[in-house]
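Enquirer: Could you build the full structure based on these sequences and the hints that come with them?
Just so you know, the protein sequences line up as chains B and X, in that order. Position one of the first sequence corresponds to residue 1 (our numbering), numbered consecutively onward. Position one of the second sequence corresponds to residue 1001 (our numbering), numbered consecutively onward.
Taking lysine-lysine pairs in the DSSO-like style, the calculated list, with each CA pair at most 30 Å apart, reads: (1) 1084/X x 172/B; (2) 30/B x 1067/X; (3) 210/B x 1084/X; (4) 210/B x 169/B; (5) 1071/X x 30/B; (6) 169/B x 1084/X; (7) 169/B x 30/B; (8) 1071/X x 210/B; (9) 172/B x 1067/X; (10) 172/B x 30/B; (11) 1071/X x 169/B; (12) 1084/X x 1067/X; (13) 172/B x 1071/X; (14) 169/B x 1067/X; (15) 172/B x 210/B; (16) 1084/X x 30/B; (17) 1071/X x 1084/X; (18) 210/B x 30/B.
Please keep in mind that the hints were generated in silico from the structure rather than gathered at the bench.
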Amino acid sequence: MGTRFRALLPGGYHRARMHDIRVGTEDVFKRQLELAARNYELLQRRNVRAFNVMGAIGSGKTLLILRMAERLRERGLRVGAIAGDVAGDDDYQRFASAGLVAANLNTGDACHLDAHRVGHTLEEFPLGEVDVLFIENVGNLVCPADFPLGTEGDLVVISVTEGDDMVRKHPKIFAQTDVLAVNKVDLAAFVGVDPMVLVDDYRTLNPHGKVVLTDARSGRGVEELLAALGL
Amino acid sequence: MHEYSLAHALLDGLTDHLREHPVAGRITAVHVRKGELLILSEEALAEAWRILTAGTPLAGSALRLEKVPVKVRCGSCGYEGPVKYAGEGWHFAVPILACPRCEGRAEVIEGRELAIIGLSVDEVTG
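Expert: Structure below.
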């Protein structure tokens, strides 16, 4: 029932008047940004260089982190990892058995990490024992884009086995992430994917982004990826 | 993906606001600024709003979204304003987060917000 119509209803000497009021409620993301800023300050203060590693399920995030950690440890740096997953501790076990200082972060049902959860994990994490910290996000190319964690840098990992249309299907996360690893390039010919399609799409969206072709299994591209992250 | 929790956060904020600044009459629409970069389904947000407001004084109010286009500030040339979009061949227009003038690295200054900016009130007076 429209406002005007009701004003004409019999029996009422009511007069309906529509008006607009300006209100300013707090931005719902403000709290997330404040918490991310708090994480950032904590990491800076403790001299830890942290990276948010996002990417699709099965794209190779965990193995890439392990490979980067191997190279960094050869340089004498101490490396830690936070394994973000909906459930289970499989990635945590892989990090821990490789000798990384590790923590498990199960989100329960949430499909992404957020600054609040990461903040609590950082409170318990032995930050004094690491120089570089990789925070592996939940496998997902949608939600992590909206939730900054307070890291120094972001990396998104996709693999050629997901198809050469991945960037076009999830443009917003790629437009906002400064480093892209196109992983499993050794399999490109087997799955009929041209990795350069992914690279070109990413460059269109993100002219300042850095893109590296990697194969975590063999270690190809890992040094270049570290350089792209400023490590 | 987070429409329900975001609708909840909007409703919480508005409920707090209305407790301190009550309005006379029925709220028919709630106007929201929604940054273009947010990955958020407008249909799902409206549905979450409908469910969450049922049985409250805000029941039946419509959520009206005003899309806020991306704005950037360029670190190189000082440009401030809208960006270019990836067009041809892309299913949706996607903002390119670089300076449209000098192609320099640019910082996003608008396009990630989600906040209530106004209410439409149907005020019935005797």
